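> Sequence:
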Amino acid sequence: MLRYSFVAISIVAVINLLLTEVFLVQILLAICVVTSLGIAIIWPEPLPPPPPPDLWSDAPETKDRETKICSSCGKAVDKKWSMCPYCSKRV
Numbered sequence: 000m001l002r003y004s005f006v007a008i009s010i011v012a013v014i015n016l017l018l019t020e021v022f023l024v025q026i027l028l029a030i031c032v033v034t035s036l037g038i039a040i041i042w043p044e045p046l047p048p049p050p051p052p053d054l055w056s057d058a059p060e061t062k063d064r065e066t067k068i069c070s071s072c073g074k075a076v077d078k079k080w081s082m083c084p085y086c087s088k089r090v
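In numbering that gives the first Met the number 0, the protein residues as written are 0 to 90.
Treat the hints as calculated values from the structure; they're not laboratory data. Treat the numbers as computed from the prediction; the structure is a model and nothing was measured. Among these hints, one or two may not hold up.
[As the list claims (entries may be wrong)] Cross-link-like lysine-lysine pairs, in silico, DSBU-like; alpha carbons within 30 angstroms at most: (1) K67 / K79; (2) K88 / K67; (3) K74 / K88; (4) K88 / K78; (5) K67 / K78.
[Stated by the list, open to error] Listed next, with one range per pair, are the computed distances between beta-carbon atoms: (6) I26 / Y3: 22 to 30 angstroms; (7) E20 / L46: 40 to 48 angstroms; (8) A58 / W80: 20 to 28 angstroms; (9) A29 / A58: 56 to 64 angstroms; (10) I40 / E20: 25 to 33 angstroms; (11) P45 / A7: 40 to 48 angstroms; (12) P51 / V24: 47 to 55 angstroms; (13) A7 / D57: 46 to 54 angstroms; (14) A7 / P47: 43 to 51 angstroms.
C-beta atoms are modelled at their ideal positions from N, C-alpha and C, and glycine is treated no differently.
Please put together the full structure from these sequences, using the hints given.
What follows is the structure in structure tokens.
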């Protein structure tokens, strides 16, 4: 909406520029046209509204994979692994 108002300002300034005979006013109107068209072109589009809060479901309470704790570094690794990928020791 703000972008359209800058375009409207530039249209009104162009009409005034064509109708005026005073040189100083013509210069000011030309600056107004260039500035308002520049702002209308580079003005960013507004962000879309945020998604509704019930869009995503709650996180599952159970984990997807079973894990065990490495005895040397204390990080969680898959239950099927025999070596820890973090410290390269046997689990």
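> Taking the hints in turn, state whether each one holds.
For each hint, the structure was consulted:
1. K67 / K79: At roughly 9 angstroms apart (the allowed maximum being 30 angstroms), K79 and K67 satisfy the hint.
2. K88 / K67: At roughly 14 angstroms apart (the allowed maximum being 30 angstroms), K67 and K88 satisfy the hint.
3. K74 / K88: OK: K74 and K88 at ~12 angstroms, within 30 angstroms.
4. K88 / K78: holds (14 angstroms)
5. K67 / K78: holds (5 angstroms)
6. I26 / Y3: 22 to 30 angstroms: holds (26 angstroms)
7. E20 / L46: 40 to 48 angstroms: Since E20 and L46 have Cβ atoms about 45 angstroms apart, the given range 40 to 48 angstroms holds.
8. A58 / W80: 20 to 28 angstroms: holds (24 angstroms)
9. A29 / A58: 56 to 64 angstroms: holds (59 angstroms)
10. I40 / E20: 25 to 33 angstroms: Given range 25 to 33 angstroms: holds, Cβ gap about 29 angstroms.
11. P45 / A7: 40 to 48 angstroms: violated (18 angstroms)
12. P51 / V24: 47 to 55 angstroms: holds (52 angstroms)
13. A7 / D57: 46 to 54 angstroms: holds (48 angstroms)
14. A7 / P47: 43 to 51 angstroms: violated (25 angstroms)
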